[in-house]
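A.B. asks: Given the structure of chain A, go ahead and fit chains B and C onto it with the hints provided.
Spelled out, the chains give:
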Amino acid sequence: MHTPAAKVSGYVVLLIVQIVFLLLFWLFVRYEKSAMPSQLGAEDAGSANEHVSKYPQFQDVQVMIFIGFGFLMTFLRKYGYSATGYTLFMSALVVQWSVLMKGFLHMEGGKISLSLESIIDADIAAAVPLISMGALLGRTTPIQLLCMSIFEVALFAANEYLALNVLSICDCGGSITVHAFGAYFGLAVALMLRPSSDQNEAGKHEGANYASDIFAMIGTTFLWVYWPSFNSVLASGSGGERAILNTFLALAAATVTTFVVSALVSHENKLDMVHVQNSTLAGGVAVGTVCNLLLGAHGAVLIGIIAGTVSVLGYRYLTPWLTSQLRLHDTCGVHNLHGMPALISAIASAIYASLATADDYQSELQDIFPAMVGSNSTSSQIMGGLGRNASTQAGYQLFGIALTLLIAIGGGILTGAVLKYTSFRNLQKDEQHQDEQYWEVPALENKEE
Amino acid sequence: MHTPAAKVSGYVVLLIVQIVFLLLFWLFVRYEKSAMPSQLGAEDAGSANEHVSKYPQFQDVQVMIFIGFGFLMTFLRKYGYSATGYTLFMSALVVQWSVLMKGFLHMEGGKISLSLESIIDADIAAAVPLISMGALLGRTTPIQLLCMSIFEVALFAANEYLALNVLSICDCGGSITVHAFGAYFGLAVALMLRPSSDQNEAGKHEGANYASDIFAMIGTTFLWVYWPSFNSVLASGSGGERAILNTFLALAAATVTTFVVSALVSHENKLDMVHVQNSTLAGGVAVGTVCNLLLGAHGAVLIGIIAGTVSVLGYRYLTPWLTSQLRLHDTCGVHNLHGMPALISAIASAIYASLATADDYQSELQDIFPAMVGSNSTSSQIMGGLGRNASTQAGYQLFGIALTLLIAIGGGILTGAVLKYTSFRNLQKDEQHQDEQYWEVPALENKEE
Amino acid sequence: MHTPAAKVSGYVVLLIVQIVFLLLFWLFVRYEKSAMPSQLGAEDAGSANEHVSKYPQFQDVQVMIFIGFGFLMTFLRKYGYSATGYTLFMSALVVQWSVLMKGFLHMEGGKISLSLESIIDADIAAAVPLISMGALLGRTTPIQLLCMSIFEVALFAANEYLALNVLSICDCGGSITVHAFGAYFGLAVALMLRPSSDQNEAGKHEGANYASDIFAMIGTTFLWVYWPSFNSVLASGSGGERAILNTFLALAAATVTTFVVSALVSHENKLDMVHVQNSTLAGGVAVGTVCNLLLGAHGAVLIGIIAGTVSVLGYRYLTPWLTSQLRLHDTCGVHNLHGMPALISAIASAIYASLATADDYQSELQDIFPAMVGSNSTSSQIMGGLGRNASTQAGYQLFGIALTLLIAIGGGILTGAVLKYTSFRNLQKDEQHQDEQYWEVPALENKEE
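Protein chains in written order, with the working numbering: chain A, 18 to 466; chain B, 18 to 466; chain C, 18 to 466.
With the rest of the complex left out, here is chain A (with noise of 0.2 Å):
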């Protein structure tokens, strides 16, 4: 209502960026192999069928990304149209970005091999900036919302690179590439981007209402019924059922702990709603690193009980007094749902590594720790392997969790200096949480309320 001229240029930008991709796309990425036509009929049909059996696993995992994370940010009850909208802006723009990037990385011959895997990976490269975008609900303008995203994917896919590619830790279900990197940047955002200490209350429209809330339940319960698709769509070999126990079983028993334990710490034992949305999910980002991992039904179980209980204490005690003491508003609360659950999962990831042996994984050590393949004591020398012990892989995870942790922060604090010192336009503290600055609201809606 401001400023046009501030959104007409930020869309302009936005529409430049979306021609450049364009243009990228055309210079540099090509159909992989098996989305070409070959001389063979038949035969040639089974092997693409092949290829492409990762499908509906990817179309659940769409269906967190778009459904799953847009719904969930409903709750606040005048956002709905920016929680869904802006849910489908970014996602649609880091797709292609991710696509690019991720491609750049991994280039042959000078071209980007187009295939069901690079929007796989797109895919979920489009979840790490929904996640810091929970943590800045409301908070920011769409165009600083977008800018960041942009920023934030190539900082994430050169990170997940290092950890995979570099340091070669498991990360099966990406809770340290993609949970632990999207909240603490968006945390480190929000930190910047925090009030002064005199326009630190609630704002007025930072809360839910009946129907918003069931909206919401939208969102967390497709995340809950596909979380197990996320993590498993990049385990390969009996780890992909693996995966689908341990994440299945860690959701139910995270789920059973968060109802529990909201009433037991809530304000007259009363369910809160906050935490049926998201504490319900912790268990799947807690189990995510170690997903493909010899968990067992008990270590899975185990895993969603202590995530459960630590993400609702965490909506219950730090998150008022991170507001209250440092200024760090996180509308959603991503620090319990995806941060300090990743960091439990990056935890049991060192303990796992630190009792993997080879006879346990036989020939699937080498998709699980290559770097452990070729150790002193594997029985099987197979070449390739850095021979790293069980002990120094454990140390590794600790590592990668800590590289990622600095990457995300000091990411987000940089991010977070530009969106607040250059010439982005910030939202007043009125402006916040509300659709009206960026969307048009059904006149009748605004006489109602």
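Some hints here could point you the wrong way.
Computed from the model, here is a short list of chain B residues facing chain A with C-beta under 8 Å [as the list claims (entries may be wrong)]:
(1) Tyr28
(2) Leu31
(3) Val46
(4) Gln113
(5) Gly427
Just so you know, these hints were derived from the structure itself, not from any lab.
Idealized CB from N, CA, C, for every residue including glycine.
C.D. replies: This is chains B and C only, laid out in the frame that chain A set:
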């Protein structure tokens, strides 16, 4: 609000249950061989993939349980937190319990084998107490519901074992063992918890509003689209495709019939959302037990037409009569959606079993009617069968539903008596059908309405 | 309320239609061989599994039809029961009718073969009258809609047969035969039912409220995430993977473009939910016909950018003009979401067909452009093709869309005339865009608003 102490002790009990589950998982549950690394590499991955080929159908069932049931029950205007929340809570508890209970019935070497099949079974088991919850919706505390579900699922597992493994009946889509069991168990509990005659009028919150009815349509529609997966997930061979086709056609026919009959019997010939939300699904229940049999398209459509008609008439005439005469309040009308259609399915199964021949079913007789293998009328003499003839199998089908009704109603009466006469807290009339007793509800909401 | 007799006779006709369907299924429809038991055991199960390998994509299409279309149309604030309910009613009727109609066109030995493919085709056919319903939303009775859908689907099946089997055009994602047909048929009906010039202003209920807009986003988002399945479900060979990749990228590019263009052309540069709900999907339509061709990533992105732009500009400038000048009320703007993007897709198909060579498509030419097999320019001389060259194929693509427009508009005008001038009851101005005429609406609701 009134008795925090009772709440606290209830939730503590559920926490203890979760910890006991953890111990039982630790002591008894192990990954199945397919989920363990093996020495072979590439070849193995292939067989692992095959093992999880039911995964997409499992995910459809997940959506039915958590989104489908959860949102179908949001139709009450002040009970949406409970509908979606308790669905999540109950299912998360029951899936763990089902892995254990059904595992104990099929242990090998003192260990329970954990695989994708275990969690498919677990999701199906979760449907049972969710159906019962529909009959009781808004009239119990969450503690009562959860405790009921633990007992009910144990009884369900026993009854299913009797019906499928001892009586050897066919019940591919679970209409007998899941739908009839869940519905009549729930109705028996509801009968025990019925109000005194001076409190028999409808509760003041017992109704829908415009938004809550649309939320409920989310549940209805997801149940509709994924029902073919529910009915076919346990089918094998060509029976899988028949289960999909028959379920699809039965649902379509039931839906058309529901709309027409609803308009014809309703006040001013207006369509009734209760019928649309529920009776459209009756075709899926009524075709359940027989969905993998050779019904032909016309058989499936006929079953759908009958189910839609019976279900709408049930809602229009039978439910009000049960409420006024027996004081049996069936909040969601599960008798019309699950109860009577399941009886139709059982009767259909007796009819089709009586017509089954080994020539029709060829090698699949073993899967579908294993007890009929080796009967005089079969041309191929395969070992292992009981040699039942078609009429005897038909009799067993009827015996199966009768036994299921007996166990479900008996178990429900017992459970209802425990919930009513022991130290469980019961809801007062004015505490029913609203979230506020057990949930933090936005303050604004209370003022507005 | 006014004419219960007309309602009763309308619903009775639909009941008779359902019973006629039952008879036709009984007389003509048989399971395909893959859905019948065979003598072989294990081997058979394998081939049955392969036969249903499209099942996950079918389920995605199911969600698009029932949830996607149904909820997209809930944006009207007092028409949500109708939007979700009539979608269910119409689809349930049409899927049965489609199995029969398309079956009659491909009978073998006097029988229609029923398989998974039949119900995939049936779901796609259901999209056609649902698109037309979007043009008419709120302006017809359910009886009119259902009768229209029966005629429309028969005409659709005939036109599709002409286009694909006689003209041999390519139309993998159905933009010509499904989207263009449904949109222009519906627009022609809307033109016939247009109001007199003194009643041309917008109806008083013709608008969204905050909650109804968010319900509509459920539809939008599910259509978005599953559109790659819609476009690829009938593709074969490596074309399946290309269809997925191209659709995904076209949607992403259309979405970014939609947001930017919406902000740039709207009042005060605010985003418009109508654009976000609809134009974000235009990329899926515009890439439909060509989705399995060798577009390259840049081709898909370019099509998406064009489609998003055209669609938003259509909503902003063309729709108001059509309403004021032609009194053509297109409630959902299907011309902007389905009509114009489908024309773009047809033009693109002519361009890409004119560039197609047998060297590019290798053995897949047979699947994609069967009429081009055996042309002089091909190196491999496979029998059965018509030997069309690339330019001729391009001409046929344009002939295909022209014929489709002719049949759709002609059929729509005829249907509209029947709906208007025969004994069908038409809605009065003040009865439009509200559920109350045909649905029981909660009493509370009427008081509140």
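A.B. asks: Are the hints correct? Go through all of them and say.
C.D. replies: A quick look at each hint next to the structure:
{"no.": "1", "hint": "Tyr28", "in the structure": "holds, 5 Å"}
{"no.": "2", "hint": "Leu31", "in the structure": "holds, 5 Å"}
{"no.": "3", "hint": "Val46", "in the structure": "holds, 4 Å"}
{"no.": "4", "hint": "Gln113", "in the structure": "holds, 5 Å"}
{"no.": "5", "hint": "Gly427", "in the structure": "violated, 28 Å"}
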